[in-house]
Amino acid sequence: MREKATTLYFGPQHPGITGNMMVRLKVEGDTIVKATAEVGYLHRAFEKLMEERNWLQSFTLLCRFCVPEPDPVEESYARAVEMLEGREVPERAKYIRVMVLELARIGAFLFWYGAQASSLGLHTVGQWSIGDRNYVLDLFEALTGARIYHMYIWPGGVRRDFPEGFEEQVIKTMDYLEKRLNDYDDLLFESAIFQKRAKGIGIINKEKAIEWGVVGPPLRGCGIRHDMRIDDPYEVYDKLDFIVPTGENGDIWSRAQVRRQEIRQSIRIVRQVIDKIPKGEYYNKIPNPQKWTLPKGDAYAHTEAARGEVGFFVASDGVSTHPRRAHERGAAYVHAITLLEDLLVGANIADVSEIMFSLGTCPPEVER
Amino acid sequence: MKEIKTKIIERIKSHFQDAVERDYDYNRLDFSVKKETIPSILFYLKDEMNFKHLSHITCVDWLEEKEFEVVFILWSYTDRLQVYVRTRIDRDHPVLDNIDMIWRQANTYERELKEMYGINFTGLEAPEEFLLEDWEGPPPMRRDFDTREYAARTYYTRPGREDAQDVRETIIKRTGEELPDFAKKYKR
Amino acid sequence: MVFNDKNSQKIVDIIENYARKSSLWILAYGTGCGAIELPPTVTSRYDSERLGIHFGATPRQADVLLITGYLTTKTLKRVIRVYEQMQDPKYVIGFGSCTINGGMYWDSYNTINALDRYLPVDVYINGCMPRPEAVLAGFAKLQKLIQAGKADGANKYKENLDWYRTNQKKVIPNWRMPEYNW
Amino acid sequence: MSFFDLKGTLKPLTALKQFGRKPHTLKDVPYVTREAADRYRGFHYNDLEQCIGCGNCATICQNQAIDMVPVEGIEGKKGDSGLRPRVDNGRCCWCGLCVDVCPTGSLSLTKDYLYVSEDPNSFLWMPGVDNPQGKERISFFSTEETSLNDFARIPMPELEGMERVKSFAEVVLGYNEEQARAEASRCISCGLCTEACPEHMHIPEYINAIARANDADAVRIIYDNNPLPEMCGKVCTRRCEDVCAIAHRGEPIAIRWLKRYATETVDNADLIKEIVNPEIKEPNGFKVGIVGAGPSGLTVAYYLALRGFDCTIYEAHAKAGGMTMYGIPKYRFPEESLDKQIEYIEKVGVKINFNTKVGKDISFREIYDTHDAVFVGVGFPKPWTLGVEGENLKGSIQAVNFLYEINNGKRVDLGDKVIVIGGGNVAIDAARVSRRLGADVTILYRRRVQDMPADWEEIEGAEEEGVHIVPQAIPVKFHGDEKGHVISVEYVMAEMVPDERGGRPKPVPIEGSNKTIEATAVLGAIGQQGDYSFLEEEFAEKIKIERGRFVVNEIQQTSDPKIFAGGDAANRTADAISAIADGYRAVKGIEAMLVKKDEGNVD
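Protein chains in written order, with the working numbering: chain A, 1 to 368; chain B, 369 to 556; chain C, 557 to 738; chain D, 739 to 1341.
In case anyone wonders, no lab produced these hints; they're calculated from the structure. This one's a predicted model, so the numbers in the text were calculated from it and none came from an experiment. Each residue gets a CB set at the ideal place from its N, CA and C atoms; glycine is no exception. Honestly, I wouldn't trust all of these hints.
Pairwise CB distance ranges (calculated) [unchecked claim]:
hint, chain 1, residue 1, chain 2, residue 2, range
1, B, E530, C, K706, 26 to 32 Å
2, A, Y9, C, E735, 29 to 35 Å
3, D, P895, A, K239, 54 to 60 Å
4, B, N395, C, E735, 55 to 61 Å
5, B, E530, A, E178, 54 to 60 Å
6, A, Y9, B, E496, 47 to 53 Å
7, D, S860, C, T722, 33 to 39 Å
8, D, P895, B, E371, 41 to 47 Å
Once the Cα atoms are required to be at most 30 Å apart in a straight line, the calculated DSS-like pairs of lysine-lysine come out as [as the list claims (entries may be wrong)]:
hint, chain 1, residue 1, chain 2, residue 2
9, A, K296, B, K553
10, A, K199, D, K815
11, B, K434, A, K296
12, D, K815, B, K555
13, D, K816, B, K555
14, B, K434, B, K553
15, D, K755, D, K904
16, A, K26, A, K206
17, C, K697, D, K873
18, B, K552, A, K296
19, D, K1019, B, K553
20, D, K1068, D, K1019
21, D, K1282, D, K1253
22, B, K541, A, K285
23, D, K1148, A, K196
24, B, K555, B, K541
25, C, K697, B, K482
26, B, K541, D, K1334
27, B, K553, D, K816
28, B, K555, D, K1019
29, D, K755, A, K172
So the derived list for chain A, only partly shown, Cβ under 7 Å to chain B, looks like this [what the hints assert, rightly or not]:
hint, residue
30, I230
31, T321
32, R329
Given the sequences, and given the hints that come with them, work out the whole structure.
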């Protein structure tokens, strides 16, 4: 007998949802037949506010676009503005930026470890990894002056140079994290629960992945090696040695494996940066921010974040000190709506939050 | 890179007579086209020129010129090249062809542009509301919508800060300077 | 202890308040960006569970509603609904600048500025965003208030429901919600 | 995968190896406040002494979290608005942009981050007032390197030092458009400068107009209260730049050069008229006589003419401009610049009677009787004498007279060794002109170089041109040859003794340190005084004069209500901009006196 479909609201107040969004599920039994993502709970109108603020003031809003990993948005904006203005960035600043981006990636992945595991009820992983993420945040605090909202990468370079003894602190933290990663392997990746719940679930169609706009670990989980760090190398990524790992099946397990390996590559990159970073200027000063205008035109810069390609589009009218238009392209824009709706069809209700976390959806980025 | 760009420009120009190109000194190409050409040029770029990845769809409001500029940003993983396809549409009757049959995810972008700018995409099938709920004002991202005025009118601001003074006004008052009206627009 | 003095608490109250303050369950609803500092607060380094602070999944079992920053009008509607579903005793903590006077989003057309116009707030935590230390300090303050019997936001809400409703309806244009009745 | 996965079940249990290890939980939190990082961005702290109340923090704050409010115990003064920032922590997002744009570096963020309250109205704080202990806790601050202010001035193109002395060509070449825009963009538009300017010109507004590429508007704003801007753009003593907010940690905005740039973009009087396009009121029938076509007199005439008055200037010399025409050398202020402005002033209806010396060609009485009001702007034409033995020898000349001759196109033979005595602008001018005549020049000054009242750029310019400056040197005697011509100057070195009453240090001669320096000419430049011999006795008695200056009230009115006075003869600062300010005040005074009185009679 065919069961009658029921509508189930998943979120916005739900412990298994990423951030503040809602998925309306049409279920038969506990199988989902249709899913509709409903967003807008976090719409703060950033892009409108940026039009009300000048080019420098706008920069403070950027880290709020996606809270778990704010730096790629800052980086994209900074690079878009630099492209538009033709401003050079000192070599040292480029290295510092790469390091900040990779630290942010490590932080985001550690956060993701905890979230993904918690969605399966494995709370110990979260206790460890989110606890360990604090050590990365300590680095950010020492470097930028804040744990979460760094406001550090800005047009022209970075805001402050390394504080004293920072390199040693970074190396120490990296050593510690590298050791801990094995513990996570034992606890999460070797766990029968995770294996059984992750393998074969949430499979992304490999042929269609690029066309559908899948980016980041979900794309690489399908075995497609695309990463903006190697496809369109920005800053000094072309001078660094690292591997972009890929998965095979495009399921949750593959995506998890990609992240598991990427975090090791990020640690490698951070170490290389510490080795190679040149001395010198860290900032090519912008003019008086009150009167800083950019030439007429537009530019779009993209950065590979932990969740995929994050881009920023800016347009200037050449006269005003404010952006004419600022528009972020978030990886979650595709992942949290069209892709999520697609993957949820046929899945169990219990898998919803697991699939959401594995895609790295970030509602504040969708809604801005 | 140079040859690839030249090849692309040649082929686009031979297929789309109205395309006006602009080259940049980094990996970027721009094409401006008429709005009728949008679906066909995007389809061509995706299927023939390998621009498989739709990076972004955005809109710039040129209020003074009474036009919206809709920009499609594509990325080719094979050629490692960005292509911008842009078109201008009338601001008072903003209509554009829906392209979500070319890229499924364009649907989301179009929903946003529809809500934020009021652009109608012919044939777009999607729920009415996207980010906003029960919104009654004009499309908020239009430049003639004043968010500061709206927020001041709608939301409550905590009192206690009325004694704030403007530095310039304070000095003007103290010195007896008379600032003519035509100079006031140059105050900070 | 003077039992006849109206101002002093009865022994029952003291015990009751002690129990209440020692087990504060937060409703797991990340309403804004501040939600990012909550996992660190409850995990190993800051370990809020040693203070009895713990995430609860449903409004019925939760004691504390943490408003983690700005509230868009769309979320505000849900937050009001959630708050009204919570059972006494219940407390609201305003987390970060944006709950006090709008913070960064003071001129946004979609976010409210002063939270206390729409919900009774017991404690505000300063910062944008507040560190886990500040979050815990906020809870410590709330515990102090509870012990002293001063955290009576819920009663204030009951008494001034009309005022709150007027404010709420002003920013939520389409009010289709059951009236508050518990 | 089998139903029971042994490895997958047991592996997670290895977590038990952590058992018994020291946890990394911070047990003291929240009972003990944990120290934040050394660079933490927490609450604000403001050094109230260092702060100048420019309000740049309030301007940059995208959250409008910072208000400028008056504070008890802090009075506004030149270069300090008297306001101090107050932070609304219900708005602040701890971005620290306010710190990065603070021109003095007084504002910083501290390590303190903890504040919890049940009262939403308790989040308004005055940094530095409410948290004096924050001084010890500063963590995020700006240095000259990290600051977002642009501290380096766009260098002014100049003729090279040894090139200059070959001719009287203008030394300063002026900014081109690009340089002017860049320099104007450095300005933070606080407006502290307007208070230091005696004339209170609308400085931030016209600089903003230049920054926004609207030079015509800049000129219009400038002409709003200064009819001689090109002169000010070239030779103003620019008190505004002394109090510039940027000057606290860098070089002040080149306000003078920007004004010069704006006015130089209009190259003739007709164009000025077209741009400024002032509304000339219907003649109101009042006649005002002005004695002296110096800066103050011209200002009075210009603004009164715009207001419908009939103005006539009586000028003793053949050209207008007063000291700016005859006292300032042409390499600083070319004649064409002045002519252009005088022409424009004449175009609005001002009549100037040249070569008409009051007291000789026309009596003051006559002017007084035939006009409704009289403005006296006669300046200080008479130099002070040195009071040194041998002063009357041949070759000992007054610098002012020397400059007058030169500016009149006459040749003055000084020989090849010129001694200039004094440290003001006249002394430097005389020295630099002498260099251009081919002489070796030495300046003797009583005090130290840093005490010189002359413009520092002028002193630097003189040094670049090879002028030798001997500080702390007091001339005691001029020696002459048998023909009565000066051959050397004897001077004595001085040491600086601090003034007990807190004034500037005094030079006290050192016994026996006498030195002699060879000279073919000596130029005395220790100041000038007024010459009021043109006033008839009855006026001389009626008008109160103290210490050589007219005593005037706040509208420049002398003790005779019909007579107004301004310029050097009435103020102590003795520079062109003060003279213009006097003139502008007198305009308002005269208008108030005549028009208001007139209206009063009608009613």
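A quick look at each hint next to the structure:
Range check, E530/B to K706/C: Cβ separation about 30 Å, and the 26 to 32 Å hint holds. Between Y9/A and E735/C the beta carbon distance is about 21 Å. The supplied range of 29 to 35 Å is therefore violated. A hinted range of 54 to 60 Å for the beta carbons of P895/D and K239/A is inconsistent with their spacing of about 41 Å. At about 60 Å, the beta-carbon gap between N395/B and E735/C stays in the expected band of 55 to 61 Å.
At roughly 56 Å, the beta-carbon separation of E530/B and E178/A lies within the given 54 to 60 Å, and the hint holds. In this structure the supplied range 47 to 53 Å is violated for Y9/A paired with E496/B, their Cβ-Cβ distance being about 18 Å. For the pair S860/D and T722/C, the supplied restraint of 33 to 39 Å is violated, since their beta-carbon distance comes to about 26 Å. Taken as a hint, the range 41 to 47 Å holds for the pair P895/D and E371/B, whose Cβ atoms sit roughly 46 Å apart.
Only pairs whose Cα atoms come within 30 Å are accepted, and K296/A paired with K553/B is accepted, the gap being roughly 23 Å. Among the hinted pairs, K199/A with K815/D is inconsistent with the structure: their alpha-carbon atoms are about 74 Å apart, more than 30 Å. Of the supplied pair hints, the one linking K434/B and K296/A holds, its CA atoms being roughly 18 Å apart against a limit of 30 Å. Taken as a hint, the K815/D and K555/B pair is honoured in the structure, with Cα atoms around 21 Å apart against an allowance of 30 Å.
Taking the CA atoms of K816/D and K555/B, the gap is near 20 Å; set against the 30 Å cutoff, the hint holds. For the suggested pair K434/B and K553/B, the alpha carbons sit about 24 Å apart, so the restraint of at most 30 Å is met. Restraint check: the Cα-Cα separation between K755/D and K904/D comes to about 90 Å, which exceeds 30 Å; the hinted pair is violated. For the hint pairing K26/A with K206/A, the CA-to-CA distance comes to about 26 Å; that is within 30 Å, so the pair holds.
A hinted pair counts as satisfied when its Cα atoms are at most 30 Å apart, and K697/C with K873/D qualifies at roughly 27 Å. Only pairs whose Cα atoms come within 30 Å are accepted, and K552/B paired with K296/A is accepted, the gap being roughly 26 Å. For a cut-off of 30 Å, the pair hint linking K1019/D to K553/B stands: about 25 Å separates their Cα positions. For the proposed pair K1068/D and K1019/D, the alpha carbon gap of about 36 Å is over 30 Å, so the pair is violated.
For the hint pairing K1282/D with K1253/D, the CA-to-CA distance comes to about 44 Å; that exceeds 30 Å, so the pair is violated. For the hint pairing K541/B with K285/A, the CA-to-CA distance comes to about 36 Å; that exceeds 30 Å, so the pair is violated. Proximity of K1148/D to K196/A is assessed by CA-CA distance (about 105 Å); at most 30 Å being required, the pair is judged violated. Only pairs whose Cα atoms come within 30 Å are accepted, and K555/B paired with K541/B is accepted, the gap being roughly 15 Å.
Between the alpha carbons of K697/C and K482/B the distance comes to roughly 46 Å, so the proposed pair goes past 30 Å and is violated. Between K541/B and K1334/D, the direct Cα distance comes to roughly 23 Å. Compliance with the 30 Å bound is thereby established for this hinted pair. For a cut-off of 30 Å, the pair hint linking K553/B to K816/D stands: about 25 Å separates their Cα positions. Pair hint K555/B plus K1019/D holds up; C-alpha atoms about 28 Å apart against a cutoff of 30 Å.
For a cut-off of 30 Å, the pair hint linking K755/D to K172/A stands: about 22 Å separates their Cα positions. A hinted interface residue such as I230/A counts as satisfied when its beta carbon comes closer than 7 Å to some beta carbon of chain B; here the least separation is about 10 Å, so the hint is violated. Of the supplied interface hints, the one on T321/A is violated, with its beta-carbon coming no nearer than about 11 Å to a beta-carbon of chain B, more than 7 Å. This hint holds: R329/A has a C-beta 4 Å from the nearest C-beta of chain B, less than the 7 Å allowed.
Checked against the numbered hints given earlier, the structure breaks hints 2, 3, 6, 7, 10, 15, 20, 21, 22, 23, 25, 30, 31 and satisfies all the rest.
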